[in-house]
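Student: Here are the chains, one letter per residue:
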Amino acid sequence: MSSASNATDATVNKAFAAIPALLEQAPALIGRGRFLDCECLLGPTSHPFHASIRAGRIVDLTPAPVLMRSWRFAYRASPAAWAAYWQSEPRPGWHDLLALTKRGEAVLEGDLHPFMAHLQYFKDVLALPRQHFAMAAS
Amino acid sequence: MSAYIEPIIGRYVHVDIGGEAHRIYFEENGQGNNDAIPLVCLHTAGSDARQWRHLLADAEFAKNFRIIAFDMPWHGKSNPPASWTGGEYQLTTARYTETIRAFCKALKLDKPVVMGCSIGGRIVLNLAIDHAAEFRALIGLEAADFQAPWYDTTWLNRPDVHGGEVCAALVSGLIAPQSPDVSRTETLWGYKQGGPGVFKGDLYFYRVDGDLRGRVETIDTKVCPLFLLTGEYDFSCTPEDTKRTAAAIGGASVTIMEQLGHFPMSENPEQFRRYISPVLGEILKQSMQHRQGIKV
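Chains as they are written, first to last, in the working numbering: chain A, 1 to 138; chain B, 1 to 296.
Here chain A stands alone, though its shape is the one from the complex (with noise of 0.2 Å):
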């Protein structure tokens, strides 16, 4: 791996681990996912987080593995993946969860529903580092 591709890795775990304090500060969007609780695996395909989500706040992230932790679904993608999300204008392709899903940049696994019956809320929360993203990395 080169030191380039580890340094976008440490970047978007870096920016990860920054989403639920990103997530307290947007009331609105947490009020948009005030039926969720949920147990969930998002992040970078080989080094995925582990998410609690109670009422729209994520109570908990801890890097995965968890020994014998659950989730319901697992939305993970590719560092690079992460990073062209997470710029201020993404290219087309790379600018929707399911964009993602589609060129096979990131894969949607198990259980969908609460994923599914939240869909807006998962693209907003996921699209949280955005805002600082792109500033980090340059």
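Calculated cross-link-like contacts (lysine-lysine; reagent style BS3-like; alpha-carbon spacing at most 25 Å):
| hint | chain 1 | residue 1 | chain 2 | residue 2 |
| --- | --- | --- | --- | --- |
| 1 | B | K222 | B | K105 |
| 2 | A | K102 | B | K243 |
| 3 | B | K108 | B | K77 |
| 4 | B | K192 | A | K123 |
| 5 | B | K108 | B | K63 |
| 6 | B | K192 | B | K77 |
| 7 | B | K77 | B | K105 |
| 8 | B | K111 | B | K285 |
| 9 | A | K102 | B | K192 |
Quick look at which bits of chain A chain B covers, simulated, 3 or more residues with Cβ under 8 Å:
| hint | stretch |
| --- | --- |
| 10 | 78-92 |
| 11 | 96-108 |
| 12 | 115-128 |
These are computed hints drawn from the structure, not numbers from a lab.
Cβ coordinates follow ideal geometry from the N, Cα and C atoms, glycine included.
Fit chain B to the given chain A structure using the hints.
Tutor: Only chain B this time, still in chain A's reference frame:
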């Protein structure tokens, strides 16, 4: 802001489709000029003709075009027919084609231009295949003979997922990031207001019944010019899908629109105008030459 009334007028026309009366709502602008070219606009799956309101209100286009947009049955202000008792709605190629032709006939439109987006773009290809001589020109936005599915449509209509929310959230990714927030919100509002199962039923045409691969080769653009325009951010009908389709059709015009997605006319009307204006200009030029008896 001082109050003003838009020039768009909405009315209902009663049309027989499939042997049954349908009350179809349509809006129009630009009929003051008798020489105006009829331009019929078709909305996307799961939405309605409000998507065209900016084009309809365009004073410059309305000088030469009678711009008309109608709500398909089950959409917007066009109710389902009286015989419907709540069964599953499914749009087919035959029914969609019949609806457009019946609407144009009911309004006595003389060789209209038809412009459709998404499923409207797909059916425009079918009109070009089977009924080209009836139309002055055809414009397909986000149009292709086929495109790979990217989600399971059963999520669109089930009691444990809010249909309006999931339909809007799915298509939200098809809007270009550069589109103004107000236009993005308005475009998604149309999806949030769709009837249960209607978006899914439209996609029966798109995904199952309306595969035009192997048929578009028969399109003769000398009989009816064909213009295809696709937004670069449309990952449902990608620019590659449109280019592949056009490559099989001699004489089809292809434009890839920058900073636009799957809903060009509603997600960013100003940006869309930059692309559609020359197309309408070309159609107007050809129409005037034809009227003056000049062979083009």
